[in-house]
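Given only the sequences and the hints, what does the whole structure look like? Please build it.
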Amino acid sequence: MDCVSLCQVVQNLGVADPSIARFIGLLIGVLLVSGVPLLTVVILIWYERKFAARIQDRIGPNRVGPFGLLQTVADLLKLLGKEDITPASADRILYNAAPILSFGSVVMIWAVIPFMYSANPPGAYVGVDLDIGALYFIAIASLGTLAIMTAGWASNNKYALLGAFRVVALLVSYEIPLVFALVIPVMLAGSMSLVDIIYAQSSMWFIFIAPLAAFMFFLSSQAETGRAPFDLIEAESELVAGFNIEYSGMKFGMFFAAEFLHVFTNGILFAVLFMGGFLGLFHELIPPLGFAWLGLKGALIYLCFLWLRNTLPRLRIDQVMGFNWFFLVPISILNVILTALVLKLMQVAGWAPTDFASATFLEVLPITVVLFAKDVIMIVMIMGRVVLEGREARAAEQQMNEDLLVTAAGD
Amino acid sequence: MGDVNFFLWLAFVVFTIITLGGAIAVVTTRNLFRGTIWLMVSLFGVAGYYVLLEVPFLAAVQVLVYIGAIAILFTFAVMLTRSLTALTDRYNRPVANIVGAVALFALLMLGVILPVWYGIGQPDTTIINAAVTDTEALGAALVDKDGFVLPFEVVSLLLTAAMIGAIVIAREVEEDEKGKRG
Amino acid sequence: MIPLWLYLLVSAALFSIGTFGVLARRNGVAVLMSVELMLNAVNINLIAFWRYYTPTEINGFAFAAFVVVIAAAEAAVGLAIIISVYRSRHSVIPEEADMLKG
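Protein chains in written order, with this note's numbering: chain A, 1 to 411; chain B, 1 to 182; chain C, 1 to 102.
Fair warning: there could be bad hints in the mix.
[To be verified] Taking CB as the label site, the calculated pair distances span:
#	chain 1	residue 1	chain 2	residue 2	range
1	B	LEU8	A	LYS158	45 to 53 Å
2	A	LEU362	B	GLY21	30 to 38 Å
3	B	LYS145	C	THR56	14 to 22 Å
4	A	ALA357	B	PRO151	46 to 54 Å
[What the hints assert, rightly or not] If you want the ones that stay clear, here's a sample from chain A, every Cβ over 12 Å from chain B, calculated:
#	residue
5	VAL107
6	ASN310
7	PHE327
Derived from the structure by calculation, the hints contain no laboratory data.
Small disclaimer: the values here were computed from a predicted structure and weren't measured.
Ideal Cβ placement from N, Cα and C applies to all residues, glycine included.
Structure below.
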């Protein structure tokens, strides 16, 4: 489908030659898909700064333009005016290529995100409707890891290299729960194409069918972007600035923008995978409304990411890794196994639709209730275990303190 | 569709340059970190071939597994063994090995490529159009009892064994290390 | 369509380059990287032959997938061994790990 719908639009506007219409359509498509995210960054940074300021009981940027809206533009101009330094001992080519790769890897994800409903041909407006859209997203996200590693190594700086090491540990580890969480919508929709996943949610959002997977996806994508409480890549208090310590001017700006955009992209992806993407009231009647729905849902998740970032302290590296390997990974594996089992059993018994896209609300209801109940039971059991372990740990600690007091008194 | 064919050829040439250029850089570079980057470039070219051969699933797996995991593992290993990344002499017996590699290439040319070129067993284009390249077929074949279920299980076991083995081998034995360094 | 023999040519060239790397490079990590190149050459061959001769059967595709899995396992274990050798011998040159030599 890819740009066909756009080409159709161009042709309808009066461009007679089909190959020229195709070319113009492609050009508009590329500009839209890469331009929209670029423009969003300007707003995102302002929004995040305002939000963080409110949480920290400040006002935030309010001088440049109405409500400080032009603050980001001013910052951008400042960054552009700064001296562009390449350290003498840095690996020149890799050092300069890393920011481009970092930003590029985020923008490339947008190629598979469906924006709005399209009636003719039936489907959605999307850069490319890849059969393997979900896999593409994972593959491209791993390029971002590579960019950060390259930056850390090429800067030839101890702190940057330490940051790069942490990237290997953190991002590669958190990719595992991310993939396992992603498997569940793919399993439910029976397709890896993001358009198919959206249409499979026409009668029920996957967040209700698989809340645990959604939560896992939320947490691990927060870790993937390297933000608090997982921001060990650039932990200011330990590594000064981590991998981007040697970067200045617009090269730093690109890392900065890539991070903001990555968070928002993850929000949009969450909306696509678990909240029905552009589906909403009148999304067929007025397609641009679908775009607004998608943006709204993505912004909501983005808000949650910011909320998490601004309220939780940074964890230690061993805590972060332990949380992943001993908590997220086992639970996500168990979740995939249980969901697959329940889904298949229900489908064989005829209580669940084999094709979610054409199922009615009543047909989807039983599987939703069962899987939701399964997730609730899992969460209760996990939390119970966590509480018990916490109690034991506290009791042991108290015992130790008392012993210490006794010995101190004895002296 | 002459223009489509032109772009196919263009893509093929570009991917060939990327793949072979990257590969040559991998085996000749002094700086091993750059070597891993070149390896990624080369493997990315291979992913491009998979796209040209209409197996997008394998292309994505290629990027995910090779570039996202294996190459990053290599970068990690290069960083860990950093002091020796730039050895003064890169090769053992380079001339003899170049001759060997060229001889191997010639042998492959003679044995495999020339027969195909001269059309022994000319491929049937009607079959190509009826190809199964969808991921669903692969998934079904992997768990089909007449298909690949046994190799699939063996490979899963192999991966588990490799994971455990890698952890055991690479884990630092603290007592020994302290004794040696002390 | 691009003729099959061109794919085979690229694959053969990649395989030869990889072989040269395996035989000639002194650094163990570089040797492993060359092995990856060879495995990829094999994969191109498998997929190309499959696409041109028996595309209606899944075998070539499945084999290529297995090759990827085995490459991953090989890289993990190989690098673990290299890091382990580096720890005890402070060298990444395979020839210098000769403690078992009499």
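Hint-by-hint comparison with the structure:
Evaluation of the 45 to 53 Å hint for LEU8(B) and LYS158(A) yields a pass: the beta carbon distance comes to about 48 Å. With their beta carbons about 59 Å apart, LEU362(A) and GLY21(B) fall outside the hinted range of 30 to 38 Å. The supplied range of 14 to 22 Å is met by LYS145(B) and THR56(C), whose beta-carbon atoms lie about 20 Å from each other. Between ALA357(A) and PRO151(B) the CB atoms are about 33 Å apart, so this pair departs from the stated range of 46 to 54 Å.
Every CB of chain B lies more than 12 Å from the CB of VAL107(A), the least distance being 16 Å, so the non-interface label holds. At roughly 30 Å from the closest C-beta of chain B, the C-beta of ASN310(A) stays outside 12 Å, upholding its exclusion from the interface. The beta carbon of PHE327(A) is kept farther than 12 Å from every beta carbon of chain B, the shortest such distance being approximately 19 Å.
Hint check: violations occur at hints 2, 4; the rest are consistent with the structure.
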